[in-house]
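Listed here are the chains, written in short residue letters.
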Amino acid sequence: MAGSQGKFAEKPAWRDGIRAQFNMINNEKCEQFSRVDVSVQYLLFLILFPLITALFMLAVRRDTERGWIVKLSALAIGVVTALALVTLYDKGVVYFGFDAAPVNLLMFILEMAMAALLLWYAVKYRKSLALCLVLVQTALIVWFELTCSRASDIANPLFCDPFSLIMALIIGIIGSLICVYSLGYMRHFYEHHVEIPNRTNTFFLIIFVFISAMFGLVFSNSLIWVYFFWEVTTLCSFLLIGFTKTEEATNNAFTALWMNVLGGIAFIAALIWLAAQPVPMLGLDQVLTAGKALVLIPAALIGFAGLTKAAQMPFSSWLLGAMVAPTPVSALLHSSTMVKAGVYILVRLAPVYAFTTTGFALSLVGAITFLVASALAISQTNAKRVLAYSTISNLGLVVACAGIGTYEAIWAAVLLIIFHAIAKSLLFLSVGTVEHRIRSREIEDMNGLITRTPRLAAMMVIGIAGMFLAPFGMLISKWAAIQAFISAPLGFVLVIILAFGSAFTVFFWAKWMGKLITVTPDTKNVEGPVDRNEWIALVCLAGLTTVTCFIYPVISKILIEPFLSTYYGSIARLSQDNILIMMMMLFLIVILPLSILLPHRRNRQLPPYMGGVVTSSDMHFTNALGGRTSVTLGNYYLDGWFGEAKLKMAGVYVCGVFIAAMLVTALFGGMAL
Amino acid sequence: MISFFPALIFVLLAPLIGGLLSGIDRKVTAHMQGRVGPSIFQPFYDVGKLFEKENAEVNGTQRFYVISYFIFAVFTGALFFAGGDLLLVVFALTLAEVFLVLGAYAAYSPYSHVGAERELLQVMAYEPIMILSAVGIYMVTGSFAVSEILKYPMLLVVLLPGIFLGFLYALTIKLRKSPFDISTSHHAHQEIVKGVTTEFSGPNLGLIEVTHWYELVFLLGFVFLFFAANWILGIIAVIIVFLLELFIDNTNARVKWQLAVKSTWAITLVVAIVNLVVLAYVVVV
Chain C
1 MAGSQGKFAE KPAWRDGIRA QFNMINNEKC EQFSRVDVSV QYLLFLILFP LITALFMLAV
61 RRDTERGWIV KLSALAIGVV TALALVTLYD KGVVYFGFDA APVNLLMFIL EMAMAALLLW
121 YAVKYRKSLA LCLVLVQTAL IVWFELTCSR ASDIANPLFC DPFSLIMALI IGIIGSLICV
181 YSLGYMRHFY EHHVEIPNRT NTFFLIIFVF ISAMFGLVFS NSLIWVYFFW EVTTLCSFLL
241 IGFTKTEEAT NNAFTALWMN VLGGIAFIAA LIWLAAQPVP MLGLDQVLTA GKALVLIPAA
301 LIGFAGLTKA AQMPFSSWLL GAMVAPTPVS ALLHSSTMVK AGVYILVRLA PVYAFTTTGF
361 ALSLVGAITF LVASALAISQ TNAKRVLAYS TISNLGLVVA CAGIGTYEAI WAAVLLIIFH
421 AIAKSLLFLS VGTVEHRIRS REIEDMNGLI TRTPRLAAMM VIGIAGMFLA PFGMLISKWA
481 AIQAFISAPL GFVLVIILAF GSAFTVFFWA KWMGKLITVT PDTKNVEGPV DRNEWIALVC
541 LAGLTTVTCF IYPVISKILI EPFLSTYYGS IARLSQDNIL IMMMMLFLIV ILPLSILLPH
601 RRNRQLPPYM GGVVTSSDMH FTNALGGRTS VTLGNYYLDG WFGEAKLKMA GVYVCGVFIA
661 AMLVTALFGG MAL
Chain Y
1 MISFFPALIF VLLAPLIGGL LSGIDRKVTA HMQGRVGPSI FQPFYDVGKL FEKENAEVNG
61 TQRFYVISYF IFAVFTGALF FAGGDLLLVV FALTLAEVFL VLGAYAAYSP YSHVGAEREL
121 LQVMAYEPIM ILSAVGIYMV TGSFAVSEIL KYPMLLVVLL PGIFLGFLYA LTIKLRKSPF
181 DISTSHHAHQ EIVKGVTTEF SGPNLGLIEV THWYELVFLL GFVFLFFAAN WILGIIAVII
241 VFLLELFIDN TNARVKWQLA VKSTWAITLV VAIVNLVVLA YVVVV
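Chains C and Y are the protein sequences, given in the same order.
Under the numbering used here, the first residue of the first sequence is numbered 1, with each subsequent residue one higher.
Under the numbering used here, the first residue of the second sequence is numbered 1, with each subsequent residue one higher.
Okay, chain Y solo, but in the shape it has when bound (with noise of 0.2 Å):
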């Protein structure tokens, strides 16, 4: 069933806690590289910043695919945490994805536009892992409820290890981390001038970085569902995880778009194959 609360809860704070990760994330990030690093409120003083800028774009249609954008973000992670449909959750993100993606194919710009072709490939990249992650937790639990997911009694990464591993790897992907920030650089303002958001500026790129903290809150979740069963361990899992991608971010320079949409596959069809044809026999017998 589906409950009202937690998505209320998670659309009330999800910006707080995603916010104060991004500046742990550049706090952790500075320490790495051996620099102090901006206070862990700085990502809110960079919002508030945005917020209080002049709204200028390059169309007037472009508000329209970054509100859109933002809506069906907050629609994912809001049905995610309030129990609903795994595979509908990652379709709504699909959609959320895609509506960034026509953003930034609405202004007529050549870095928006390969940003945008960047992000589909992304897009391209990681969503057959995450269909698989969801058919493997079905398989596994016999529901794509998440409010029934988290009844499961046994820790579910402990029968799902390849899949696990698939969704971490997609998650790089997804955080927008090296190597794999190849349509919007995380940290660098070189190459293709931060891809999909090159032509946002102002109050809506502010709008674009909040949704990102949402995005970033749903996605830690959906690392935590692999450990439900014991919560514990499941925080201690999802802090690890984010250690983890900022470590890869900081230790890996950023590759062509050829070897991340392979590498992501290759590894998806191992993974999947192996681990769901063991399931699938596991089950049965």
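Here chain C stands alone, though its shape is the one from the complex (with noise of 0.2 Å):
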């Protein structure tokens, strides 16, 4: 024992460092100090260990050993997460200081080789709108640098409190499962498209990059830190987008590049007017303590970016064309990363926006963009089309929540994202394993897959029943956004909105599912082996789907509870007969299937009724004619109602104007409600 100690008793310098340097705000009792020590190394290793990760992918060659490679890593990054987690959910808000500044230097360096990347490759592609805002923004940081780097000091430039930990897991488990994921699907991916040349490294390193700078991103309380890692996200998504180089790929780059670059533009704005202050106010902390008034314009400017990066209305489209790049990506792009990090700084501003108009114009580009992209999943045929509508219209949700800003809207907020991420995770994989089957992503070629590919078809309706049905994960959240909508100024608008975008929601998502269940006669299963990988992937996630119904309040109690107690004074919890009948609602609906296992007679089979022609059991009539033709059954789509031709303008437009009116009254200090 003695001699094992005084091995590892040597420990490196930069960890002594950190230590001496270290101070805490919040927690005064002075024994905890080295359990907290040692939760900053698992701050620092979810940040810095997806960068290790992403280096060896440029060395690795074979699939054997870079499936080895990233499932270890998927794993070392859920065992941390979860560490952290046990850690640190008790112990509130925690701040970490040490000397930001040579960091600050490094992150200047990147910010400056990003832009001469992006440059570089717009100047390649001839775009020239995306060349004009990157140079701007680099302006803009090279001023920023210039003239504030005085302020940047920051004590505490890491923090963790409850929600970051939310955060974490959400990236953390989900991220590293869709890494999982993509070893199968990518050998795939090269078999389907050959022309295609193969990138799986590169594919895996801008992904790790990108989990790490999403960890970085939750765990910063410098704004200059949660900019640099914001725009590492929209670097990452701009590769991914275009990985696969085609001319459409390249093109759906370029618009993500734009919108999202705009954003950037906007928050480096916001980090110049909190810089120049009187006092300077780059922490996360000091924003939200200090009074509305003060930060109102900044809170408005970075909710902005936050809009382009969560793909509200007049930005959707660029979510719409990240379509084009491989499902694995789609999946982390709605679920675990881009898009959540845009509503993860809109939920952290909320404070801000609380009781202004500002924050009411806010939520109001959300509601209707809720509104509008649920009608729009109507009329969509396109599985991957569908799921990008809805994720943007749930992100609208929580924008609208953010908007309110109080303390039940940001309960309802947090449990939809958390909810989202999963089934939303769930639907895309299994989307993207059904793809490579049935060559199709046509939810009209999706007609009786529970015959076709039994085992995937379930995971399908398990992920869509989480969409939209009770006692599932996303209708608790709706719930609790209804209640919360109530009790706010103006509130009822927002309700009447939600009553109309949620009975659009269960007529698409019920339309899908019906597609899925037909039982088609006289047809194969198709199903074959499923890559170990992939179906690794999708058990977890929907277990996690179910699972999550069922300790949903204990997430609350420990995490979302604290967060609400920290910023707000006050709780939201539903009551306890709640709680108890959406519990037997769950468990009905998970024991009801296994009815289908109880002895029963059985029953007769007739084939359906035809109106008195002829049918034969593989569902054909005798035509006018006397010939044979085929049944075929398709689903509404009600493309003169809720077509993308009449409503996507009306939404942009109208967006647009709540967006106009949300920095106008920024400006002239938000009105309180």
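A portion of the hints provided could be inaccurate.
Below, a list of computed lysine-lysine pairs in the BS3-like style, where the Cα atoms sit at most 25 Å apart [unchecked claim]:
#1 Y/LYS256 with C/LYS646
#2 C/LYS648 with Y/LYS262
#3 C/LYS646 with C/LYS91
#4 Y/LYS262 with C/LYS646
#5 Y/LYS49 with Y/LYS27
#6 C/LYS124 with C/LYS245
None of these hints come from the bench; they were simulated from the model.
Take the two lone chains and join them into the complex the hints point to.
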């Protein structure tokens, strides 16, 4: 024992350096010092470790090696996320302080490198809009660095609170599962797209950098750091969307780029504003404790950046364009990274928006996006586009909650983020696998998947149920959102919008689910063996979709309620009765499918009714000319009512007006509601 | 608080009351049409007959959806009568409805699919006003719990006339009455051959019938809620509403789904906005 202690006693110098400069704001008790010391290492591990894996990806050549590295890294990230949760969940808000100046310098250099890369791409593909915006942004960064470097010394650049932990769990667990899934998916991807050169290593490299940046984003207290990681996510999504390098992919990548850079410009403008104050406020904690009047303008600017990243209405097209990327990328963008970064920052700043006209304008942008995107989803025949519109609409609901900013609304918003991340990643990944089986992502081609690919169809049904049915997660959150809106000023406007949007949601999910469960006659099982990596991810996510519905009261108790009581002083929760009822319903839903196993008489099976004409078991009938016609069934898409041509522009203009209103009211101090 | 006893009473008595009401429905309808009509116990004979029939199906999964529809419809009503959360009741109702739709989808049959899609259109039409009814009641009473709402001393309909009107409009859809019986015709057998229920027969169809009885009692209970402060008035109102629905049923032809959805939304929007705006200011002042 003594020998081993001696061996490990020599700790690296950097660790001592951190320990020496360590200070804690929130915890008075000194004996907790050493435990928190460990936890800062968890945070650093989560930010830095994916980068190391990313570097490994440069060197690896063989599939098996890559498989092991990705799986072990995913496991490590998942385990450390869980450890961070166990260590930090009851600590409230913990700040970690060390000298940020060298890191700031490094970040500035990296930002310049990123800008150079983007400029090079923009010149190469002759995209003048992206070029101009990147130039403007770079100029602003340089100006910020030259004029405001004095302000950038922040006592506590890193922090961790329950909301960060929730986000970290989403990134760490779902992100890792998507990585594991990608191992299987990318192999099939190149079998199906032989024309695309194999760049699997680059793919994993970008994904791990992405995950690292997301961890950085949620653990940063320094807004300069938040901004840096924000920009890294923009770059990563740009590279991933354009991954296949086809013309369509490149164009869509640049759409995503210019929209997100627009948000980035607003973000850096907010930083310049904050740094130019008599007392510079470049820490999230400072912004949240300063008076509303002081920080409303930068909060509105960062809110604008959040709207671009969360693909809200005028900017929704980039997320739809992102569908050209391989499916795991979509899953990643939708569930654990990119768009979640947008809503993360909005929920963070929610106390600033609360009870102001600016906040109300923001929530109207979200609510209108929720309504219009749900309606648009009805008219979509492509499964991935349905998923994309549903993401946009659900994030709209989160934005609406963040704009309202009361504790009840934030409770709903956090639940929405959690449940959406899990169910949506499950849906994307199962659609990806099914696509490789049936060679299509059209919903019409998914007729009778329950007989053709039974296990995958079951996964999709669970995912869809998770998205709209009581008592699954999204519905719990919607319910919480309604409760929150009623008690907010002018909230009834939002309630009316939500009631209609919710009805649209039922329509498009239920008809898709119906397609899947149709029992088609005489069809073969084409499922075949599903890749083991893909299967692991799917089963885990399906399990999580169900299990989180059972344990969300616990999540609420140990994570969301402490978060709310820190920033709002009061907490929201459902009554015991209602939780009990939810559990009963969930239990019923889970056990009902088992009723099929019960012994029962074998019923006589008859062909369906066809209006008197002759039918055969494979659904043919005799037509008026005496020939044989096959029956085909199609869903309603109601293009005349819900088509993109009509609704999309309306949504874009209305949301554009509200965004303008949000920025203008912020300029005038955002009257109290 | 949730009380178990009223829920139990509902589970036991609702099929009797619902069946009798259906019988009265047929009798009154017959009189309106100048016929004598069957005995008011006819619905029980009909369902009994269905349960004696052979259980023939299009495929083996249908039974599951029908049973789920039944269980969740009963659950919805039981939750309502137990004094549970009104919003949760509305969502549970949607859940039950979705199971019926899935049952229709499960059959690879054109009529059944058209019925399923139409049923979904109807859900889309009435869902907003159902949610807004719950919200309006909350804005007046300050609670979603039915047990609390019942204690409110004033007639809710006085403060929520618009919402009540909208609810009545949607009720025609829920009770599958003309002009909104577009997903399953109530009387006639033309067009889409009873829509969602085309592929159900024998005991399965019988179970769907019984589920309708449960739903009928639950929906009339919802109407009662608007008059809960004075229960005599409440019972009179429920009877009048029931007869009104029969009258509408017999004096209107079926409309296309476009008109059904559009008009329901238009009514919902107008009444909800006007009523909630007024409420928001009445409650604030």
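We went through each hint and held it up to the structure:
1. In summary, the hint linking Y/LYS256 to C/LYS646 is supported, as the alpha carbons are separated by about 22 Å, within the 25 Å threshold.
2. The suggested pairing of C/LYS648 with Y/LYS262 holds, with an alpha-carbon distance near 20 Å, which does not exceed 25 Å.
3. Taking the CA atoms of C/LYS646 and C/LYS91, the gap is near 51 Å; set against the 25 Å cutoff, the hint is violated.
4. Pair hint Y/LYS262 plus C/LYS646 holds up; C-alpha atoms about 17 Å apart against a cutoff of 25 Å.
5. A threshold of 25 Å between alpha carbons decides the hint, and for Y/LYS49 with Y/LYS27 the separation of about 20 Å falls inside it, so the pair holds.
6. Simply put, C/LYS124 and C/LYS245 have alpha-carbon atoms about 13 Å apart, close enough for the 25 Å limit, and the pair holds.
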